[in-house]
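*Asks:* These protein sequences, in sequence, are chains A and B.
Anchor point for the first sequence: position 179 equals 179 in the UniProt record's numbering, and the numbering is continuous, going up by one each time.
Anchor point for the second sequence: position 10 equals 10 in the UniProt record's numbering, and the numbering is continuous, going up by one each time.
Some hints here could point you the wrong way.
As the list claims (entries may be wrong) - Label-pair restraints from in silico Cβ distances:
hint	chain 1	residue 1	chain 2	residue 2	range
1	A	K111	B	N46	47 to 55 Å
2	B	N181	A	W152	38 to 46 Å
3	A	P215	B	R51	52 to 60 Å
4	A	P215	B	P2	42 to 50 Å
5	B	E109	A	S232	40 to 48 Å
6	A	G182	B	E152	30 to 38 Å
7	B	G30	A	E71	44 to 52 Å
8	B	V127	A	W152	17 to 25 Å
9	B	S4	A	S232	30 to 38 Å
10	A	P91	B	N46	31 to 39 Å
11	A	N193	B	M1	46 to 54 Å
12	A	G5	B	E50	31 to 39 Å
13	A	E133	B	E168	30 to 38 Å
14	B	M1	A	E133	33 to 41 Å
None of these hints come from the bench; they were simulated from the model.
Positions of the beta carbon are idealized from the N, C-alpha and C atoms, including for glycine.
These are the residues of each chain, in order.
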Amino acid sequence: MLKPGEFYQRDREWHPPAYDPNYKTSVARSPRQALISLENTVSEITGPVFGHGDIDAGDNDLIYNYAKPGESAIGERIILHGRVLDENGRPLPHTLVEIWQANAGGRYRHKKDTYLAPIDPNFGGCGRTLTDENGYYYFRTVKPGAYPWRNWVNNWRPAHIHMSIFGTAFAQRLITQCYFEGDPLIAKCPIVNTIPDPAAIDRLIAPLDLNATIPLDTIAYKFDVVLRGRRSTLFENRLEGN
Amino acid sequence: MPQSLDYLKETPSQTAGPYVHIGLAPGAAGFDIYGQELGWDIAGPNAQGERIRVEGLVIDGTGSPVKDVLLEAWQANAAGIYAHPEHAGAVEDGFRGWGRVITDFATGEWGFDTVKPGSVPGRNGTVQAPHINLWIVARGINVGLNTRLYFEDEAEANAADPVINMIEWENRRQTLIARRNETDGKVVYRFDIRLQGENETVFFDI
Ligand SMILES: [Fe+2]
Chain A
1 MLKPGEFYQR DREWHPPAYD PNYKTSVARS PRQALISLEN TVSEITGPVF GHGDIDAGDN
61 DLIYNYAKPG ESAIGERIIL HGRVLDENGR PLPHTLVEIW QANAGGRYRH KKDTYLAPID
121 PNFGGCGRTL TDENGYYYFR TVKPGAYPWR NWVNNWRPAH IHMSIFGTAF AQRLITQCYF
181 EGDPLIAKCP IVNTIPDPAA IDRLIAPLDL NATIPLDTIA YKFDVVLRGR RSTLFENRLE
241 GN
Chain B
1 MPQSLDYLKE TPSQTAGPYV HIGLAPGAAG FDIYGQELGW DIAGPNAQGE RIRVEGLVID
61 GTGSPVKDVL LEAWQANAAG IYAHPEHAGA VEDGFRGWGR VITDFATGEW GFDTVKPGSV
121 PGRNGTVQAP HINLWIVARG INVGLNTRLY FEDEAEANAA DPVINMIEWE NRRQTLIARR
181 NETDGKVVYR FDIRLQGENE TVFFDI
């Protein structure tokens, strides 16, 4: 009988390196010693389990989840949807996806954000959901605005939505950012460009998905996420040594 | 051309950025939106075992505390069982084993209350000393950092731990050992994480 085993090793040349002098904050926050490579044990192949008791049904609707009754967030109405898969192409059902973003003007609801663009009183800027049995998720939100940030004198983040995904194991834990097709700021962003391979950057760009738009209502972008996959073994699963 | 393998590539990581709190700890960002935030219930009142507090700083390469970190903890219960279907055995009601905590905006201190985990099985019949798995994200960290917290008072188990022993540089092993303090009957383990430089914490590629 096939049993799930170790996760495939993470491709560290595909991910951004810890140290990238063009993203200045990484300079003092990047380990200089090599990571110690650890073969999976039960500590890595397990991870937290979430259920519908942990979240509320409306948590994935950012247009309304912080709005006053009868009001809604200002901005271009979008659906962000897709699937969470593993590297074997298998959907990951019932996994927690959390997102956060700036409002349509590029301002975050955060006590540390002092950008002059206004706060939208009806927009919180976070959402969360569980994938369904097919690994599918969706959010309704507004398209975030670009915003300036202190790195070089004149850096602007492309419009982006931050995303946190769990999978079934602590070894799969991932945070990333979703960008939008056609944004000229993507190619100029030092954070995007921490990723060395252009093919990897493309994987973070959500295409316009006209088929999923709601006519006269909401435009849609598709963003699939791939978490680490794991081998199946015909042999005794010795991760736990029993 | 040979046939192509049809594996997908993992989605590349990006930094959590300075506003990670909005998504993962909105109360800390300054607003109340969810019925219940996640990560506060690592070990509920019913969880068995020794009650402990774990706390520390995350320190950057200049020696300064990092004040916008988010940490997640993943641990077994006092009997050495993870709350997960792939680990044989059940945990007691109210033990979750997963927690989420942020560093204080002013001081950089972080801390959480939990129970001390038990030993868990290692590979090939070995035993792993009690430990808490930590995952660290922040602005300037491009891929979340994995490390492990072990306990000072488990010297014998630590000496036999297959993961600690895999670290070639013996002088680096102590970066994974939390120091135990007892004040007014409360057990506090101190675990400072050094991202870079002298006594840089051991981080793992898991
Ligand atoms: Fe951002």
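*Asks:* Within 52 to 60 Å or not, the Cβ separation of P215 (chain A) and R51 (chain B)?
*Replies:* 57 Å, holds
*Asks:* State, for the Cβ atoms of P91 (chain A) and N46 (chain B), whether the hinted interval 31 to 39 Å holds or is violated.
*Replies:* 34 Å, holds
*Asks:* Kindly confirm whether 33 to 41 Å is satisfied by the beta carbon distance between M1 (chain B) and E133 (chain A).
*Replies:* For E133 (chain A) against M1 (chain B), whose Cβ atoms are near 37 Å apart, the range 33 to 41 Å holds.
*Asks:* Between G30 (chain B) and E71 (chain A), does the beta-carbon spacing fit 44 to 52 Å?
*Replies:* For G30 (chain B) and E71 (chain A) the Cβ distance comes to about 20 Å; the hint is violated.
*Asks:* In this structure, is the beta-carbon distance linking E133 (chain A) and E168 (chain B) contained in 30 to 38 Å?
*Replies:* About 45 Å separates the Cβ atoms of E133 (chain A) and E168 (chain B), which means 30 to 38 Å is violated.
*Asks:* For the hint 31 to 39 Å, verify it against the beta carbon of G5 (chain A) and that of E50 (chain B).
*Replies:* 33 Å, holds
*Asks:* Does the beta carbon distance between K111 (chain A) and N46 (chain B) stay inside 47 to 55 Å, or does it fall outside?
*Replies:* About 35 Å separates the Cβ atoms of K111 (chain A) and N46 (chain B), which means 47 to 55 Å is violated.
*Asks:* Cβ-Cβ distance between P215 (chain A) and P2 (chain B): within 42 to 50 Å?
*Replies:* About 45 Å separates the Cβ atoms of P215 (chain A) and P2 (chain B), which means 42 to 50 Å holds.
*Asks:* If I claimed the Cβ atoms of S4 (chain B) and S232 (chain A) lie 30 to 38 Å apart, would that claim hold in this structure?
*Replies:* For S232 (chain A) against S4 (chain B), whose Cβ atoms are near 20 Å apart, the range 30 to 38 Å is violated.
*Asks:* 38 to 46 Å was suggested as the range; check whether the CB atoms of N181 (chain B) and W152 (chain A) agree with it.
*Replies:* About 44 Å separates the Cβ atoms of N181 (chain B) and W152 (chain A), which means 38 to 46 Å holds.
*Asks:* Regarding G182 (chain A) and E152 (chain B), is the given constraint of 30 to 38 Å on their beta-carbon distance met?
*Replies:* 55 Å, violated
*Asks:* May I ask you to test the hint 40 to 48 Å on the CB atoms belonging to E109 (chain B) and S232 (chain A)?
*Replies:* 44 Å, holds
In terms of the numbered hints stated before, the structure departs from hints 1, 6, 7, 8, 9, 11 and 13, listed from lowest to highest.
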